[in-house]
Amino acid sequence: MITVTDLDYVYPGGQGALDRVSLSIRPGTLVGLVGANGSGKSTLMALMAGLYTPTSGSITVDGCVNPGEGRAVRAVCRLVMQDADLQMLGATAEEDLLLGRARTDATVARARELARRFSLLPAWERPVQTLSWGMKRKVCLAAALLDDPRVLLLDEPFSGLDYPGMREMRGLLRESRAVGLTQVVSSHDLECFIDLVDQLVVLDTGRLALDGPPDAVLNHVRSHGVRPPCSWSAGQGVRSWDEESL
Amino acid sequence: MSRLAALVRGLDPRLKLGTALFLGPALWLMGLVQAGVCAVALLCIVAALASGQPLGGRMVRGLLVFVVFWVAVKAGLDAVSGMEWAQVAAGAGDLAVRLAALLLLGLSLALSASARALGLAVAWAVRPVAGGERAWKLALSLALMVHFLPMCLATVAEIRQALARRCPRCGFFLRMTVIPQAVIRALGQKTWNQTLAVAGRGLDGPQAWEPDFSWSGRDTRCALVAGGFLVWISLSLPFLS
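From first to last, the protein sequence lines stand for chains A and B. When you line the first sequence up against this note's numbering, it's residues 3 to 248, in that order. When you line the second sequence up against this note's numbering, it's residues 770 to 1010, in that order.
Calculated directly from the structure, the hints in this document are not laboratory data. All residues carry an ideal CB built from backbone N, CA and C; glycine is no exception. Misleading hints may appear alongside valid ones.
[Stated by the list, open to error] Part of the chain B face toward chain A, derived, beta carbon under 8 Å:
(1) ALA884
(2) MET920
(3) GLY957
(4) LYS959
(5) GLY971
(6) LEU972
[To be verified] Chain B stretches covered by chain A per the calculated footprint, using a threshold of three residues with CB under 8 Å from any CB of chain A:
(7) 933-944
(8) 973-980
In isolation and in its complexed conformation, chain B is listed as follows (with noise of 0.2 Å):
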């Protein structure tokens, strides 16, 4: 396990960014065969890849509680629509392997580059496009959102304890009209004191973000074989088929 998720990890991030663009649209198209093996596979780069993180068993059980809420939802609306049991089934079986393997797609992505290594992966694509000064700024913004983002979830949760503790018996409509506020105070600060700490550190500028990647035999060996598991994937494309 912890072979397959060095081995994930110190691949090149532009690699695992390309395949993730392709095969998250695909994933919502291709025959429920393949979506189940790419289910399958994406698990255990999963597995590999949280048995090491300390957070890695509560996101990947946050993912599972998100699948089945939603396709208790989709059961529940084709039951009450008037469907019959086995399409109902079919329906929620199809939705939860499509959704699982596509929020396994982005656990793994996650698990297995930075934040700043998905913005220069994202940039280095753009660049030819959008230009330099653009390309450098979308992999600021990018690894400035990501890493955001698990500092947002944090000040909800202890902006809810400390709302808990301060008022017990406070109802839900009074809870929902405190802690938006405050999350939204609280976040505003954290926001200017991160502006201010990025440019302190010289991260406002293109040298600091000119991608630094190297390509390694390893990374073709991968290519080629992703290259392979997603021709076979597309064979089952409505459109290719």
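Here chain A stands alone, though its shape is the one from the complex (with noise of 0.2 Å):
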């Protein structure tokens, strides 16, 4: 679905963001994109989404190739980032799930089929600035869900999420994971996600420093910056949340 192939990133005032990362994420899949602060991680997010053009290198997502066809990888991924005030233009929730689409019964109805689906539906009429934080970042990432990407990039979806909210997020990864979406989750905190990981990416300072399933890739970690999950250093392997089923 993604492929990555030397790609280096350059930032217009020459700070240098990524150095000849390439990697592979088959459709399907969700893949832990971890690092510490600074590691690359949103840029990466960013060119998987065709946002920014590589220095050099390439990123082709379904069958799309950047640079060359930018604006097809954007039609094809949707990329929910961290701050969600930035991303909600609309004045509430609905008019905000509705942005950018024709306001059709059938339209209608699918937003506020998702928006039930995500417990917003009492939220519906409200003015997004009386939402939480966790229901921001649901509006938002419900509004990219609506777009029907074929991939669906977060980036650090469990920033600022309370232990309710968190469960909440997770629930919702397992349900895109099942219909079958490729999702690439960015954090630098392992311990809310790694157990839905099917492939875990490990960034240090713009490199790729770590690529495989979890298992294979956690016991090297901690010398990146990332701190392994405790249940793997009480040598428990991954454990899943409380009573959630994988």
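Now that you have both chains on their own, put them together as the hints suggest.
Have a look at this one:
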């Protein structure tokens, strides 16, 4: 689904962000993209979403190659960024979900159905500034899913969420995985989602440090500025949360 | 009150924008009685709209402070220039009524229509003149601008708070040096991220900004009422009377 080949990215100011990154992601997998702050996670996500053009190398997403087909890449990917306030342009949850779509009965019904799944219906007509942080994140995620993307890119989706919010977000990730959506989830903390991950990619100062199934990678993450999950450090392997089923 | 708010919110944004575009300049030209009637009517509408908004009360208070400040400035300058007290009071009252009505008009528009709806209404109006390409860019620009204003205010407030905590004894001139720099830095980052967010959501194309208005019978009835009201006001305009 996604192939990254010898990717370099240097910001216009001359600051290098990614250095010869290569990796491959199969369709329907849930990929954990982790690394310390400044390791290049958000930059790689923006490149995968077709929002930046690689300085050198290429990214192929669902057959569309960037550089060259950045707009086509953007059509198949949806990136949900960390700051929900910047992504919400609608005045209410309803208006934000229907932003950029023809307001047909079918579209409204689909948006309402998604809002019901995300427990957003009570906030359907509420002004967005009155929503909690977690609800705003869910509106952004719902808006992304309404576009029927082939690839969903979530930048730090767990940051700022309380425990119930994290559990809800985990449930949404599981649901999307069950329907075969390819997901890339960035985080600097493995604890909240490692048990859901099929493939773990670790970045370290712009370079690909590790890439593989979590069991094969977790023993080496600490040296790249990432803390292994507690259960792993305690020798109990990767454990699912509470009574949640994988 | 809530029925009035629901009625105003439910109206077609093109009707609201058109009325505001006519009424705004007319408020400076119409008779004082008509301006007073407009101010009272708009106050009722704003009170109804603001009652359901978390920041509504604060916005109305801010508006009143703004009016009082400028009326006081005008009255002070008039008094200093040697005008009679009766004239000073009449001038201050005139400005208070017109300025309050104008600000209430803007507030009622902001509280009753979203940034996106207003952007689409403007784009719909200019599409025949400016063409489709410019029209959707205008809609996006307006939506972003209106969306960004409260964010700017919140950023300024946060930076002022941070400076007050970190440097409680710093003087006015130091604050005036530090705050603008910090605000520009913070907003620069937000602007860049918001640009990415707009592109990431696929809102950077004409298809995302196609107007989807639906004109109802209620809009027609309200348009007739508003039209009659505007005709009554027009009769007091100096170049028509």
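Interface hint outcome for ALA884 of chain B [beta carbon to chain A under 8 Å]: holds, 7 Å
Holds or violated: is the Cβ of LEU972 of chain B closer than 8 Å to a Cβ in chain A? holds, 5 Å
Within 8 Å of chain A's CB atoms, at least three CB atoms from the region 933-944 of chain B: coverage verdict: That given contact is violated, which follows from only 0 residues of the region 933-944 of chain B lying within Cβ reach (below 8 Å) of chain A.
Quick check on GLY957 of chain B please, does its C-beta sit within 8 Å of some C-beta on chain A? Hint on GLY957 of chain B: violated, closest Cβ of chain A at ~12 Å, above 8 Å.
Quick check on the hint: LYS959 of chain B CB to chain A CB, less than 8 Å? This interface hint holds because 6 Å falls under the 8 Å limit.
For the restraint on MET920 of chain B, tell me whether the closest CB of chain A is nearer than 8 Å. MET920 of chain B check passes; min Cβ-Cβ to chain A is 7 Å, inside 8 Å.
Less than 8 Å between beta-carbons is the criterion; does GLY971 of chain B satisfy it with respect to chain A? Interface hint status for GLY971 of chain B: holds (6 Å vs cutoff 8 Å).
Taking 8 Å as the Cβ threshold, is the statement that the region 973-980 of chain B is covered by chain A upheld or broken by the three-residue rule? holds (count 4)
Of the numbered hints given earlier, the model fails hints 3, 7; all others are met.
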